[in-house]
Amino acid sequence: KAGVTQTPRYLIKTRGQQVTLSCSPISGHRSVSWYQQTPGQGLQFLFEYFSETQRNKGNFPGRFSGRQFSNSRSEMNVSTLELGDSALYLCASSLDGTGYGYTFGSGTRLTVV
Amino acid sequence: EDQVTQSPEALRLQEGESSSLNCSYTVSGLRGLFWYRQDPGKGPEFLFTLYSAGEEKEKERLKATLTKKESFLHITAPKPEDSATYLCAVQGGGATNKLIFGTGTLLAVQP
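First to last, the protein sequences are chains H and F.
Counting from 1, position 77 in the first sequence corresponds to residue 80 in my numbering; the numbering is continuous, with no gaps.
Counting from 1, position 110 in the second sequence corresponds to residue 350 in my numbering; the numbering is continuous, with no gaps.
One should not assume that every hint holds.
Cut-off 20 Å, straight-line C-alpha distance, at most; resulting in silico cross-link-like pairs (DMTMM-like, lysine to aspartate or glutamate) [as the list claims (entries may be wrong)]:
(1) K60(H) with D242(F)
(2) K60(H) with E241(F)
(3) K309(F) with E296(F)
(4) K308(F) with D322(F)
(5) K319(F) with E295(F)
(6) K308(F) with D242(F)
Derived coverage of chain F by chain H (criterion: at least 3 residues anywhere in the stretch with Cβ under 8 Å from a Cβ of chain H; other residues may be distant) [as the list claims (entries may be wrong)]:
(7) 269-283
(8) 333-342
These are computed hints drawn from the structure, not numbers from a lab.
The model shown is predicted, which means the values in this text are computed figures rather than measured ones.
Every residue gets a Cβ at the ideal spot worked out from N, C-alpha and C, and that includes glycine.
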């Protein structure tokens, strides 16, 4: 079966711009979570969406936002990009947010210059 | 505060030399402990989920065990293709479903 698909794989943006990342979960999975991975901080939780509603949110500024559509696909948006936003952004899907079947995509590598 | 600590940070083994990676955790109400493998430039690949102390799971050369305070990932007779970063994460019993990750162990297996 198809895995979690993230697009695009790579992005280069300029400081101050905004960016939108996309995540298509495994078919039947209703929970989508987003993580930021950097060499210094490791994987940090951004937020979780379930049935089009944000269910949990991590400790990130309001510049980071997301949404989920009725087909469970999710987008993440970062506005007013800063150099420190350069990271690998990972999306994970699961049936209901619990550990069973918690599967990650390959990520989007964002570079802010 | 929920926390995960992995050791060692890096490990270099000769092919066939067995070893163990450690994951110590502090969490309120463990709902699951996860092991992932991550290759450079890729997302974490699921290996195991453990739910209660005493549980063990195996897959090829890997075996994961769980106690009330830590988990071990045992690698038996590793091969060069086992080289990767191994990540441990926990899901606690609070309202959030987030996984809390350790910083990983970078494993290099030399032929």
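Worksheet item: Is the hinted pair K60(H) and D242(F) satisfied, with a Cα-Cα distance of at most 20 Å?
Response: 16 Å, holds
Worksheet entry | Given coverage of the stretch 333-342 of chain F by chain H, checked by CB-CB distance under 8 Å (3 or more) | Since three or more residues must qualify, the claim that chain H covers the stretch 333-342 of chain F holds, with 8 doing so at under 8 Å.
Item to complete: With a cut-off of 20 Å on the C-alpha distance, tell me whether K308(F) and D322(F) pass.
Response: 27 Å, violated
Discussion item. Next pair to validate is K308(F) with D242(F); report whether the Cα-Cα distance is within 20 Å.
Written reply: 14 Å, holds
Worksheet item: Has the given pair, K309(F) with E296(F), been kept, meaning a C-alpha gap of at most 20 Å?
Response: 15 Å, holds
Discussion item. Check the hint pairing K60(H) with E241(F) against an upper bound of 20 Å on the C-alpha distance.
Written reply: 16 Å, holds
Discussion item. For a C-alpha distance cap of 20 Å, please report whether K319(F) and E295(F) respect it.
Written reply: Judged against 20 Å, a Cα distance of about 25 Å means the pair is violated.
Worksheet item: the stretch 269-283 of chain F covered by chain H? Criterion: 3 or more residues, Cβ-Cβ distance below 8 Å.
Response: holds (count 7)
Hint violations for this structure: numbers 4, 5, all remaining hints satisfied.
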